[in-house]
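> Chain by chain, the residues:
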Amino acid sequence: MTAHLPVLQVVIPLLAAPLCALVRRGRIAWGIALATSWTTFWIAIQLLARVRSEGPISYALGGWPAPVGIEYRIDLVSAFVLVIVTGIGAVVTPYALKSVEREIEAAKIPLFYAAFVLCLTGLLGITVTGDVFNVFVFLEISSLSAYALIGLGQDRRALTAAFQYLIMGSIGATFIVIGIGMMYVMTGSLNMADLSVLLAELGPNRTIVVAFGFLTVGISLKLALFPLHLWLPNAYTYAPSTVTAFIAATATKVAVYMLLRFFFTIFGVVFSFDVMQLDRVLLPLALIAIVTMSLVAIFQTNVKRMLAYSSVAQIGYMILGISLASVTGLTGGILHLFNHALIKGSLFMAMGCVMYRVGSVEIDAMRGLGKKMPWTMAAFVAGGLSLIGVPLTVGFISKWYLILGALERGWWPVAALILTASLMAVVYIWRVVEVAYFQEGPGEDSSIVEAPLALLIPTWVLVLANFYFGIDATFTTGVAGAAARSLMGLVP
Amino acid sequence: MSPALILGVAVVLPIVGALIILALGKWPNARDAAGIITAGVLFTLVLRLVEPIRAGLRPEYPILEVLPGVSLSLKLEPLGLLFALVASFLWIVTALYAVGYMRGHHEKNQTRFFAFFALAISGAIGVAFAGNLFTLFAFYEAITLCTFPLVTHHGTPEAKKAGRVYLGILLSTSIGFQLLAIIWTWQLAGTLDFRDGGILAGTASNGVLSVLLILFVFGAGKAAVMPFHRWLPAAMVAPTPVSALLHAVAVVKVGVFTILKVSVYVFGVDLLGTLASTMWLAWVAATTIILGSLVAFTKDNLKARLAYSTISQLSYIVLGALLANEMGIIGGGMHIVMHAFGKITLFFAAGAVLVCAHEKDISRMHGLGRTMPITFGAFFVGALSIIGVPPAGGAWSKWFLGMGTLEAGQVGLLVVLMVSSLLSLVYLLEVPVRAFFSAPPEDAHRGDGIQEAPWPVLVAMVITAVATLALFLNPGPFYELMSMVVN
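Protein chains in written order, with the numbering used here: chain A, 1495 to 1986; chain B, 61 to 547.
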């Protein structure tokens, strides 16, 4: 049984999805989704423990050995990302019950959970597989279900947002499949481990350079790297609250994982950074993203949109860590995958609580909520502090490594920019805090009370995780550090 | 309890106190009693650390490792003990005062107020006992966040605006400069521990370390070295007990304490004396001393005047640290104590005038001394200490600071200290002089109804005033602690 955990990680949600669609009863579909998400979380933890004690796991799908068959390969990076994705899934699913009932019409709820579980399947599939074409397949599964999920938003603009994402996402996927195709033409292999050997033997080659370019653009589109982020703000703003919390905390993270996989494992550090000088492209874009998107976030009037722009800035942090191309920087980048999932997950879930009671996440709607919804707003403040990077929160840990990485390279202006962006986060978080705590709500609307526990408990689980992993970061930094060393080709 | 354990308990105790205060919110008397008792227990705990430190013990209390090599840990050392003693003792007095003030002034949300107050004290104790830079920074930021609801307590647009300035300056300096300096130190030295003789010697060029010192000094925004001082006058919108304990003692002293601690235990006095930026920064502090005093002159609002006086006096301590010699450090440390007792007395008196006579402006305090003799008498004693003349404790710290400037061969700085003392003589003594020697204005409807302050307020004020005088007669214990720091 335990030998098959890598494939069960994908198969269980894949089978659960049609089941959700078939039952036609919202609560039962939710029960299936809940069982699935908790099971996958359990599997992910088992896998991580095994990878840490025994090293990478290789699983031949259907018993066909690689490179002919599809190989599922789980190393420290993928196991870590699996834990992030399934962990967020396990927290968001209980939260979904009430939030989804409020925001989505009853008939569509089973389909919603089907799409939700399918999206989870895709994200997990990308992470476990050791086959590049398989990556593309799972990418399409996760993306198509994500378009559907976003389109279910209450606001009719959700449809255009989903359509926009569909177009941009499909362009990205096309670029990726073209890149994969070129690699296949040149090497005749789709297996990642195999590819990395064959590509090294092939030596300098124009087709591979072009493939590299296509993959860079395609993946950057998927992970919303500035200036390819245009699909993201609308998608996050108009999607149902649950979907925003889930996708913001997982989808872009998995895209960053793809970037790590392709550029570090397949192409190799030497080719990506010394020959192709990827860092010269990524670093400026990351810095621009960090500064300009934080600035744009300050001027938003819709809090979900504000957090969406903040996400683009935070993706900049991850890419910055990667483009430092050092163990410390990469550790910071990988850590921020985990930490940002916790931060944005808790912030978007707090906004979901506001949406549930108030029906709007415009900043004006927050007036007086400090008194009326004290726990929800406290969760927002706590998540905001973590986003700012106050010590003893996860945001601080990420920043510590990123700044250390920048200083190691002697790039103190980069360190200064990171800190400046933290201060911008103070501004945009505090705008909400001021409205919530210092302005009186309009009249006595007695219907606005604290959000139900079914929403608050999952939200606070994530909020407390922000502090737990900020106070004792030895686990996350240990895993991220070892993952970074193995990606850099050093002995972990 | 072992001394190491006391360190941990002392940090946690005010947090427990805050929770009790929240739980007792419906019974104001029990709640306020709980606050005062917590403060009392805290002080007796801290007092029990004096013996171990005299015996030469430096117990450590590691809490946990946050990152590999970076841990939260507490460590007892003389400078921290000195600060903890002052903060915990004055908390008792302020707790008493606050009860009288908050009730006399009919403030709202008192439970929230007292709870955050206790949390801020926990932060101050944490800074005092911090065993490394990371721990210090964590508690430093915690204080900023816990005092924000206190500064904006009234919830008015004015309070909101002040809160922005407060948070804006304190967070930008700490995140922008201090955090950068800490990570840089970690990168250079490979450790963040406070060690005798410092950790940075020989790790980088004079130029780099000079920049680092600048980052540390301005990064401690709570020390209010110009041009990062605006948050302190802004914070005066808070209820007076906050201004008294937090913005004259706990919060601001955390800033100068950080600078002292970094000077002694991160750079080390020897290294500090060789850095290019040290003297430059000393003159920035000197400028702050003079400008602070001059601005204080122009303020008619009593609390604003006291705030600028604090800005000026804080830079005495910064200057003491940057003189990089024994006398300067001793003087700086002693001034933490002396200024604390003097300034808190002044704020107590200012609050009493506000509660009883509803007057904020100095120009309207004519003749009030006749109805409120104890209040203005206490103000007079506090003022003497800030000016630095006998028979008040402030005379000692100024003496050592003066000696320090001479030892450093900086006669110019000595002149600065003297000029500032003269200025403070004028701007502080104006208040009691007006109150005692001028006739009440005829237009005012005063006279009826104005009495001396409520008894908790009076008791608190008298305690600190008497302590200020006692510190002149017996500064020995604090001198002893400071000489342990420099040896």
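A portion of the hints provided could be inaccurate.
DEER-style ranges, computed between Cβ atoms [unchecked claim]:
#1 P1550(A) with L117(B): 48 to 54 Å
#2 T1496(A) with S62(B): 32 to 38 Å
#3 L1509(A) with A90(B): 56 to 62 Å
#4 D1858(A) with H165(B): 31 to 37 Å
#5 S62(B) with L1947(A): 50 to 56 Å
#6 D1858(A) with V225(B): 40 to 46 Å
#7 N266(B) with A1910(A): 20 to 26 Å
Straight-line Cα separation of at most 30 Å, DSSO-like style, residue types lysine-lysine; simulated pairs [as the list claims (entries may be wrong)]:
#8 K1866(A) with K359(B)
#9 K420(B) with K220(B)
#10 K86(B) with K359(B)
#11 K1866(A) with K86(B)
#12 K1865(A) with K359(B)
Since the hints were derived computationally from the structure, they do not count as laboratory data. Glycine included, every Cβ here is placed at the ideal spot set by N, Cα and C.
> Take the hints in turn and mark each one as holding or not.
Each hint, compared with the structure:
Against the hinted window of 48 to 54 Å, the Cβ-Cβ separation of P1550(A) and L117(B) comes to about 50 Å, which satisfies the hint. Checked against the hint of 32 to 38 Å, the C-beta distance between T1496(A) and S62(B) comes to roughly 47 Å, which is inconsistent with it. In this structure the supplied range 56 to 62 Å holds for L1509(A) paired with A90(B), their Cβ-Cβ distance being about 60 Å. For the pair D1858(A) and H165(B), the beta carbons lie near 33 Å from each other, so the given range of 31 to 37 Å is met.
Here the CB-CB span from S62(B) to L1947(A) is close to 42 Å, at odds with the stated 50 to 56 Å. Our hint of 40 to 46 Å for D1858(A) and V225(B) is violated, since their Cβ atoms are close to 24 Å apart. Here the CB-CB span from N266(B) to A1910(A) is close to 22 Å, well matched to the stated 20 to 26 Å. Note on K1866(A) and K359(B): the hinted pairing is violated, with a Cα-Cα distance of about 40 Å set against a maximum of 30 Å.
The suggested pairing of K420(B) with K220(B) holds, with an alpha-carbon distance near 20 Å, which does not exceed 30 Å. Between K86(B) and K359(B), the direct Cα distance comes to roughly 40 Å. Violation of the 30 Å bound is thereby established for this hinted pair. For the given pair, K1866(A) sits about 19 Å from K86(B) by alpha-carbon distance, which is consistent with the 30 Å threshold. At most 30 Å may separate the alpha-carbon atoms for a hinted pair to count; K1865(A) and K359(B) exceed this at roughly 37 Å.
When each numbered hint is compared with the structure, violations occur for hints 2, 5, 6, 8, 10, 12.
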